[in-house]
Every structure is written in structure tokens, then in C-alpha cells.
Amino acid sequence: MAFASSLAPFFAPSGTFGARPAKRLRVDAPGRFVASSSPPPDVVVTREQGKNARLIAALEKHNIHTLELPLIKHVEGPDTDRLSDVLRNDKFDWITIISPEAAAVFLQGWKAAGSPKVRVAVVGTGTARVFYEVSESGDQSLEVAFSPSKALGKVLASELPRSNENSCKVLYPASAKAGHEIQDGLSERGFDVTRLNTYTTVPLEDVEPLTLNLAMSAPVVAVASPSALRAWLNLISKVDNWNNSIACIGETTASAAKKLGLKSIYYPTTPGLEGWVESILEALRVHRTSKEAPKC
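Note that my numbering has the sequence shown beginning at 550, numbered continuously upward.
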């Protein structure tokens, strides 16, 4: 089942979730994460290590106990080294950036190219936030000039303004695993699109059994990308009876969850931290209600 972000935020009644500190993982060895002893988690948060803090903090305000289990890590893509050369030697009307990781990788290449003047279109407030440091420094070379009415790549492709009637050149630095709807949508509208696969994702190599058992016991697993979702399903592939809830950051990840056969899917209509938290809280409310329902 899918729930949209129009759901009112759920504030847990006193005593529903104990006021417990968030669960953290310690690194046991490269690629391995081991759970320290603490009560069972309510939610598993799965972004790359070091990128879960804002979600954990937001859930702590509702006394939600979290287990941090990074499921993926970002690595260089086949076009990482080309990015700075392309920026140095060509001019683009737009740079389209659709994720915080794409933004971070782009900034590295942009600085290596000598910080040429660029105009950027972003998807989502999280992506825009990556550029704040540059804009606050007073550097006028990078302008975040457009964001679509809805934080989805297909909406950006349909709404990105054309700067002229003839050719409009777009550079699209992306994950090697990203779909083609943005470049296809822009190309259909007459844009000249150059895509560079500047990074990719790889799944977590290993998880200590105790940590995995704790994660599987949590009512909700929160995922921010189809790659993280697939990594989770791969981890539990030998388990027949896992049927807890998935809380997705947005519609793209939720659509992937549906295609992969999951049923209890929660997501906001507008991607972002606030709606994601609301979806997690709604999933927990439904779980609590089902546990409290009288048995026939």
C-alpha cells in the first residue's frame, strides 16, 4: 500500500516509543558494520555512512529508535575524470543535477575545471543544499537558476526552460545506474543533452549477522534510492517471511519497490526529508495499530 504526503504527521502517544537514543553502528572492518547492544530498532536508516544524521535527528524528535545500516556506497563512475575537461572545453546552457551525490561530484569537477560560469537546474531541496556553500561565498560563477514544480526528474525534463529557439545544450552528470527519462525527455523537447556517468553505487559488502537480524526485526526500513532498495532485498534474499514496511524518500524509489514486488510501501508525493519522516511515522502507526488489533 502507498501513502502520500498529504497524511498528517503522526506524533506518537506518550509511551508508544520510548525516549531512547538513536542506535549507531561501529565499523568492525572495511565493509562490515556491527550493531552495539541496545533495544530493538523501530526504523532502519540506510543511506551511505555519514549521510543519515539529519534523518536520525528528525526521528529522534519523535522518540523513534533507529538502526543505521548503510546499504550502499558511492564510487567513481566511468566518466568521472572527463567531467572537468568537458566543463573546461565546452559551454552549456544548463547543468542538470538530480541528487545530492551528483551535486557533490559535479562541484569537484567544476572546481578542477577552474570554476567556469555555469547555470544549474536542481531537483529537490537536498540537492540545492549542496550548492549553498558556493552561493554563500559570493562566487557568481555558479547560479542555481531552476527547480521544477515537483522534485522529480521527469518533471524537470518537461519544465526546464529553453534559453533559445535553436539549440539548447544541457550537461547531465548522473549516476551510471540512473534511468534515461531525463535525457530522453529533454531530447524529445529538442535539447542537445550530454550525459556523463560521473559516479555509481555499490552495495555494502557484508553485514554482521546480529546487525542483520536486528534490521529485519524493525517494522520499517527507510530507503532513499532504488540502489539501496535492491541492496536490502539482496541481503534478505534467503528469508521467506520478511514482510515489514518500506518507507521511500519519494515516488521514484517507491515505483522501484512496487516493481520489485513489495507491498507495504510508504512515500510522500513530494520528495524530501519532512515528507519522508511523515511516511515513516505513518508506517509505524499502521504497524502499531495492527499489533494492537484483537486477534480473531
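Honestly, the hints are just simulated from the structure, not real lab data. Using N, Cα and C, we set each Cβ at its ideal position, and we do this for glycine too. Among the hints, a few may not be true.
Label-pair restraints from in silico Cβ distances [as the list claims (entries may be wrong)]:
1. V788 <-> T838: 22 to 30 Å
2. R678 <-> K808: 28 to 36 Å
3. Q689 <-> Q657: 40 to 48 Å
4. I785 <-> E625: 36 to 44 Å
5. S716 <-> P589: 31 to 39 Å
No farther apart than 25 Å at their CA atoms in a straight line, the calculated lysine-lysine pairs in the DSS-like style are these [to be verified]:
6. K610 <-> K840
7. K666 <-> K622
8. K622 <-> K808
Results of checking the hints against the structure:
| no. | hint | result |
| --- | --- | --- |
| 1 | V788 <-> T838: 22 to 30 Å | holds, 24 Å |
| 2 | R678 <-> K808: 28 to 36 Å | holds, 29 Å |
| 3 | Q689 <-> Q657: 40 to 48 Å | violated, 20 Å |
| 4 | I785 <-> E625: 36 to 44 Å | violated, 29 Å |
| 5 | S716 <-> P589: 31 to 39 Å | violated, 58 Å |
| 6 | K610 <-> K840 | holds, 23 Å |
| 7 | K666 <-> K622 | violated, 30 Å |
| 8 | K622 <-> K808 | holds, 23 Å |
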